[in-house]
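Novice: Protein sequence lines, in the order shown, are assigned to chains A and B. Here our numbering is used: the first residue of the first sequence is 1, the next is one more, and so on. Here our numbering is used: the first residue of the second sequence is 1, the next is one more, and so on.
Please keep in mind that the hints were generated in silico from the structure rather than gathered at the bench. Each hint should be verified, as a subset may be incorrect.
Since the list gives no way to pick out one identical chain from another, each pair is judged satisfied if it fits inside one copy or across any two copies.
[What the hints assert, rightly or not] Distance condition first, Cα-Cα at most 20 Å in a straight line; then the derived EDC-like pairs of lysine to aspartate or glutamate: (1) Lys83 <-> Glu318; (2) Lys381 <-> Asp300; (3) Lys83 <-> Glu337; (4) Lys83 <-> Asp339; (5) Lys83 <-> Glu320; (6) Lys353 <-> Glu249; (7) Lys65 <-> Asp206; (8) Lys22 <-> Asp121; (9) Lys129 <-> Glu352.
Only a predicted model underlies this, so the values are computations on that prediction, with no experimental measurement involved.
2 protein chains.
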Amino acid sequence: MSVTAAPGFVAAGCHAGIKRRKHDMALIATDDGRPVTAVGVFTQNRFVAPPVVLDRARLAASGGKAAAIVVNSGNANAGTGAKGMADAEAMSAAAAEALGIDKAHALVSSTGIIGTPLPMDVILPAIPKLAKKLSKAGGHDAAKGILTTDHVAKEAVVKGSTFTLGGMAKGCGMIAPNMATMLAYLTTDADVPRDALQRILRDAADHTFNTLNVDGATSTNDTVILLANGRAGAPNMQEFADAVHRVCEELTLQMAHDAEGMTKMVMLRVTGAASDAEARIAAKNIAENNLVKCSWYGSDPYWGRLLAAAGSAGIAFEAEASSVAYGGIAVSRGGIEIDHDRAAVATHMKNEKIELEVDVGAGGTGSARAIGIDLGPGYIKENSVTS
Amino acid sequence: MSVTAAPGFVAAGCHAGIKRRKHDMALIATDDGRPVTAVGVFTQNRFVAPPVVLDRARLAASGGKAAAIVVNSGNANAGTGAKGMADAEAMSAAAAEALGIDKAHALVSSTGIIGTPLPMDVILPAIPKLAKKLSKAGGHDAAKGILTTDHVAKEAVVKGSTFTLGGMAKGCGMIAPNMATMLAYLTTDADVPRDALQRILRDAADHTFNTLNVDGATSTNDTVILLANGRAGAPNMQEFADAVHRVCEELTLQMAHDAEGMTKMVMLRVTGAASDAEARIAAKNIAENNLVKCSWYGSDPYWGRLLAAAGSAGIAFEAEASSVAYGGIAVSRGGIEIDHDRAAVATHMKNEKIELEVDVGAGGTGSARAIGIDLGPGYIKENSVTS
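With the rest of the complex left out, here is chain A (with noise of 0.2 Å):
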């Protein structure tokens, strides 16, 4: 029941029609309706779709307070304008009325198709409806609703010593760093001022979901949001930090499961780098380099394709100094390939998850994780036609 498993948020999903079949929108509220303590972290990506204007401006004149977010997939409301602005304020509008609380603290998120205007008449009168379905239970018809082209839901919550939180998300592709098309919501009944909760947020969402990399593209509506009631008062704040890490990190490894055409996961780690911020850049310049990735496709220890991905990535690189290992058994030093166990590497890249790490040799303690998706024919047969 994930979004709804702490004390005091309910929730509830329906197919309201904009997809021809399955779920496609949800609601969260507090089930007192009282505006609780709310922050996000929103996409970077210059062409913002119309909900995430609205939520920045919302948090912005509420001092970070919200009671309910009302969420459709399947249409993105991006690339829509000025009528998706006002699509955007109606579906905030419509949540504030049925549960009767100022539209100031109803947030919004859209995830789907770019470019096509909102179908207003289905969205609208499936929020009254949404209203009065909203329970604990509802949590995974929520966690259904916001789904587009992944294939299950993702929810998980962590039980602290004094406190609960849980989460759902969505998201199979156009996902990179920063964030890409997902949508991620937390809820929590632990007490945590708002600057706080932004800070913890923002470090887990770094640590988490931006380390993911499906296709290198970031998408127009990516949001996080985490809502905290406060009932079960100040909890010990390393462990309520842990706790928002480990729902994030369950969250993004069952997104990097379920992502579009995946038939490998690789848990990529650069070392040897000169900063942790050359780290990163390496080890996205890898993960986003379909060369590589078509290599982790084929299971094959393509090593010098990632030293290639790496020594183009703009950052300080040493061949000469340099590593790679697959699965903990190292098979390339100082740039050139050195004996190794062939069956035991072999065996490893036949794994779904497979582990790499490079050393990029520069001699600096700068690391940084990336976890990547293979390139395989899946990936292309979802996205070379639109609907």
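Position chain B relative to chain A; hints supplied.
Specialist: Quick look at chain B alone, frame taken from chain A:
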């Protein structure tokens, strides 16, 4: 006869045995063994292959003089460390001995797989045989000897009013700005000082080879070399620069046409950017975006993905002032879809060559071109296994 079109140059190609059956070596030389003015443009990858290291050193030491270039395909001599450096030196020395020239004037290129030592046992014996076969007519054999996964040889000739300029190239994968796995060799009888020749070649490469983006991957071996023997005297410099540009452009289009798995070649123009540099960044971000590339494969005029790619390029971007046109037909303006002739756009998208224009709305005069290639199953098939 391309690379031997200009008086004073001879060439040869052969099957040495690096590949199973196809031509895998080439030799280009001056017909009298005398060194001529030589300039080069090389990969910017920091994981650089030994032959590139050698050529840079040779050209610096000789003050821009060369009499021969020996090339092998099928193996990049990259990721080969000290042995790779010694092998490149040995190829240069063998060519010098076979031709009776100073090894300071014998350049070397390699292209193919990374991380495997060169099979010197088949390469060294082939070099004297190539030297004996050198002829005017050998240009086409040489053009075949440098190919890897290419399907066809790439050659171009321009006859100026006083000079002749010919060239050959290979390349169809691992191609992105700057250059990536591509080799190109140009020869001319024009008399052009080294500095001017270097400037003209660099400028031509920037506007032709460096606008081609097959897969966002920058190779370890990229090399473009231009030899000028001066026999035809000093040319009109503008005419000569135009000729270099034209030969490079023709070779670039031939490479785009032969790109791995290619079904669509996209002539992308970015306008309205704050500067040419920002336009180039946007063009690169669009041309490398896998969602955009998949939509090209699917003949889908999905303008929203183009703007999402431009908006995440980190450049000045204003959706409100942006526009997107396919085949000269505007489909989006101000970040939203506008009424347009869908049938005409659909017809244009069926072409192998698609024309695309994206105005990023920053209000500047910055513009850039990129040649993009679609992403279809053929690319994955080509790149998911090494051999």
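Novice: None of the hints should be skipped; say for each whether it holds.
Specialist: We went through each hint and held it up to the structure:
no.: 1; hint: Lys83 <-> Glu318; verdict: between (52 Å within a copy, 17 Å between copies)
no.: 2; hint: Lys381 <-> Asp300; verdict: between (22 Å within a copy, 13 Å between copies)
no.: 3; hint: Lys83 <-> Glu337; verdict: between (58 Å within a copy, 12 Å between copies)
no.: 4; hint: Lys83 <-> Asp339; verdict: between (62 Å within a copy, 15 Å between copies)
no.: 5; hint: Lys83 <-> Glu320; verdict: between (57 Å within a copy, 13 Å between copies)
no.: 6; hint: Lys353 <-> Glu249; verdict: within (16 Å within a copy, 43 Å between copies)
no.: 7; hint: Lys65 <-> Asp206; verdict: neither (23 Å within a copy, 52 Å between copies)
no.: 8; hint: Lys22 <-> Asp121; verdict: within (18 Å within a copy, 63 Å between copies)
no.: 9; hint: Lys129 <-> Glu352; verdict: neither (41 Å within a copy, 49 Å between copies)
Checked against the numbered hints given earlier, this structure breaks hints 7, 9; the rest are met.
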